[in-house]
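Peer 1: Spelled out from the first residue to the last, the chains are:
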Amino acid sequence: MNDDGLDPLIHVPTRLKIVATLAALPDGDTLSFTRLQDMLELTPGNLIIQLRKLEEAGYLGSEKIRNGSAQKTTVALTSNGRKALGAYTQALRGLLNGL
Amino acid sequence: MNTTPDTTTVGNGGDFDPQQAATLLGQTTQQARRKFQPSPPWLLVTRAVMVLAALGAIWLSVRGQHPYRGPTAADIPVLVAFIVVNFAATVAVRRHATAGLSGRSRFSQSEITVLVLAFAAAVVAMAGLRAAGVDFATYPTSVLVVPGLAWAVLMAARANWRGLATGLAIVVIGIVGAFAGPAGAWAVAAVGLCVMLLGSATAIAWQQRA
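Top line first, the protein sequences correspond to chains D and U. According to the numbering used here, the first sequence is numbered sequentially starting from 1. According to the numbering used here, the second sequence is numbered sequentially starting from 1001.
Source of the hints: derived by calculation from the structure; they are not laboratory data. Even glycine gets a Cβ: it sits at the ideal position worked out from N, Cα and C. Among the clues, some could well be false.
[Stated by the list, open to error] Far from chain U by the CB rule (all over 12 Å, computed), these chain D residues:
1. H11
2. E55
3. G58
4. R66
5. G68
6. S69
7. Q71
8. N80
9. K83
[What the hints assert, rightly or not] One-sided excerpt, in silico: chain U residues whose CB lies under 8 Å from chain D:
10. Q1019
11. T1029
12. S1102
[Said to hold, decoys possible] Result set (DSSO-like, lysine-lysine): computed pairs, CA atoms no more than 30 Å apart in a straight line:
13. D:K83 - D:K64
14. D:K72 - D:K83
15. D:K53 - U:K1035
16. D:K64 - U:K1035
Here chain D stands alone, though its shape is the one from the complex (with noise of 0.2 Å):
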């Protein structure tokens, strides 16, 4: 956690807008890495190095789904994820309250 109450691996741009775009989504729903790259305008890479980053983290589960010859990669936010948005969004507005 950052000094202001900030957890660090949210309060990066890239990073806070994958985690509000999978946030939106009902719980237990699940986003294919495309459709998340066309919605974020992400290079592939980026996405990838910032997804791992989540996942690692227990922010963010992936899961690979093959379909004959093609491979589907679907994401989602975790509880715990879910949880720290909700307290990075608690601790944003007690930040800016205190502006």
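Following the hints, complete the assembly by docking chain U onto the known chain D.
Peer 2: Structure of chain U alone, referenced to chain D:
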């Protein structure tokens, strides 16, 4: 290409201050909600205007009929066009919104089957009631009751309370129409469905901004 600065290497967010973060969080959340919404407010408002125009036009053509003979040959293409355009637009927008999504955002095969069976059951029930000489069997609002109930049940099972309210509103329109007479039922369907669609659009727009 990514135009968003990435401050990963800085670790503490670098120059990304809380105000910027709050703005980005709000914008991203609203954009995501809009993009994932299978029934966007603009589509619902368009459908509301279309339903009012199409069914209202039929009401205007049948309200002076004594005895009631039903929509004229000129009205039928308008009604069919309305149904086809409405269905195609709904499917296209829903498909676009749910692309890449899996889980409860998408209808399961069993839910789609229930809805199709509900429409088939409505037609069968109306034919049966008509054969039994029930007046309201052929009213345009009568066809709404069974599908409306099916939609309400499916939405209740998903704990989707806005969807449940929509289903119940459709059922109410169907029941009110049964008391409005054959010509009046067209007006009830036009106004009732228009109000229901505008109400849904308002609720969704409100939800997206929250």
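Peer 1: In ascending order, which of the hints set out earlier in this document are inconsistent with the structure?
Peer 2: Violated hint (a single one): 1; every other hint is consistent with the structure.
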